[in-house]
Amino acid sequence: NAGVTQTPKFQVLKTGQSMTLQCAQDMNHEYMSWYRQDPGMGLRLIHYSVGAGITDQGEVPNGYNVSRSTTEDFPLRLLSAAPSQTSVYFCASSYGTSGGAETQYFGPGTRLLVL
Amino acid sequence: TQLLEQSPQFLSIQEGENLTVYCNSSSVFSSLQWYRQEPGEGPVLLVTVVTGGEVKKLKRLTFQFGDARKDSSLHITAAQPGDTGLYLCAGVRSSYKLIFGSGTRLLVRP
Chain S
1 NAGVTQTPKF
11 QVLKTGQSMT
21 LQCAQDMNHE
31 YMSWYRQDPG
41 MGLRLIHYSV
51 GAGITDQGEV
61 PNGYNVSRST
71 TEDFPLRLLS
81 AAPSQTSVYF
91 CASSYGTSGG
101 AETQYFGPGT
111 RLLVL
Chain V
1001 TQLLEQSPQF
1011 LSIQEGENLT
1021 VYCNSSSVFS
1031 SLQWYRQEPG
1041 EGPVLLVTVV
1051 TGGEVKKLKR
1061 LTFQFGDARK
1071 DSSLHITAAQ
1081 PGDTGLYLCA
1091 GVRSSYKLIF
1101 GSGTRLLVRP
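Chains as they are written, first to last, in the numbering used here: chain S, 1 to 115; chain V, 1001 to 1110.
Read the hints as simulated data drawn from the structure, not as lab findings.
All values reported here derive from a predicted model rather than from experimental measurement.
Some hints here could point you the wrong way.
[Said to hold, decoys possible] Reference listing, derived: stretches of chain S covered by chain V, where coverage requires no fewer than 3 residues with Cβ under 8 Å from a Cβ of chain V: (1) 36-44; (2) 80-86.
[Unchecked claim] FRET-style restraints, in silico, Cβ to Cβ: (3) S:Glu59 / V:Tyr1022: 33 to 39 Å; (4) V:Lys1059 / S:Gln17: 43 to 49 Å; (5) V:Thr1051 / S:Ser67: 20 to 26 Å; (6) S:Gln17 / V:Asn1024: 36 to 42 Å; (7) S:Tyr95 / V:Thr1020: 28 to 34 Å; (8) S:Tyr95 / V:Lys1056: 18 to 24 Å; (9) V:Gly1040 / S:Asn1: 17 to 23 Å; (10) V:Val1055 / S:Asn28: 32 to 38 Å.
Each residue gets a CB set at the ideal place from its N, CA and C atoms; glycine is no exception.
With the sequences and hints as input, model every part of the structure.
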C-alpha cells in the first residue's frame, strides 16, 4: 500500500492563480481531511469528508473548495490564490469509525508559496 | 486563539535527561491524541487517550489525560536523539473535527 499520497510536493503560484492539490489513499478509508500548517499554529482543519459525495467545512475553509467523487481521492482547490495561503498542506485519512478519534494517516505534504 | 495550548514551545536537552510537555485547554475533549512530526513529513500518531485520568506508556514515553479531559501531558524518560521532532497534541472536539495544538519542538543533543 502507498498509504496517503499528495502531489505536487512543492508549488509556486502568483496571486490570483488557481490550482488543485491532489490527495489519494489506497486504504479504503471513508474519512479524509485537509489541513494547513503554519509556523507556531500547529495544523488547522480546512475541509473534511466522511465519505464519497459528503464534505463539510473545518476551521479555516475560506478560499478553498473540495469535492469527493470517489473514496480514494479528495482534491483541494484554490480558486484565486492569495499570499495568505502560503503554507504547508497535509491530507489525512482514516477509517472514520470513531468520529475522528481513530488513527489519522497523513500524507507527506505539499509546500505552497504564493507570491 | 488556540483552543489547545502547548508548552514549552521549544525544548533543547541533553541525551539522557527527562522532560515533560504539556497540552492545556479550557474545553473538554472526548479524546486526545499525540503525534510526532519529523521535518518534511506528515505527523505520525503516537497514542490516543480517551478516559479522564488515563495513563498510557509507550516504551520511554508516558501519556496522561487529565481527569476533566481538558489537558494532557507527555513525559519522556532518558531522552535520546531519535526523540527529536515536533510533538503535537490534538483534541477531538466534535465528530471528525480535530483541534491541534501549536506544537513543541524538541531537540535532544548527543
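Structure-based check of each hint:
1. 36-44: That given contact holds, which follows from 5 residues of the stretch 36-44 of chain S lying within Cβ reach (below 8 Å) of chain V.
2. 80-86: With 0 residues closer than 8 Å to chain V, the stretch 80-86 of chain S misses the three-residue bar; violated.
3. S:Glu59 / V:Tyr1022: 33 to 39 Å: For Tyr1022 (chain V) against Glu59 (chain S), whose Cβ atoms are near 22 Å apart, the range 33 to 39 Å is violated.
4. V:Lys1059 / S:Gln17: 43 to 49 Å: holds (47 Å)
5. V:Thr1051 / S:Ser67: 20 to 26 Å: violated (37 Å)
6. S:Gln17 / V:Asn1024: 36 to 42 Å: Because 40 Å falls inside the window, the suggested range holds.
7. S:Tyr95 / V:Thr1020: 28 to 34 Å: holds (32 Å)
8. S:Tyr95 / V:Lys1056: 18 to 24 Å: At 21 Å between Cβs, range holds.
9. V:Gly1040 / S:Asn1: 17 to 23 Å: holds (21 Å)
10. V:Val1055 / S:Asn28: 32 to 38 Å: Holds, at about 33 Å.
The structure does not agree with the numbered hints 2, 3 and 5 stated previously, though it agrees with the rest.
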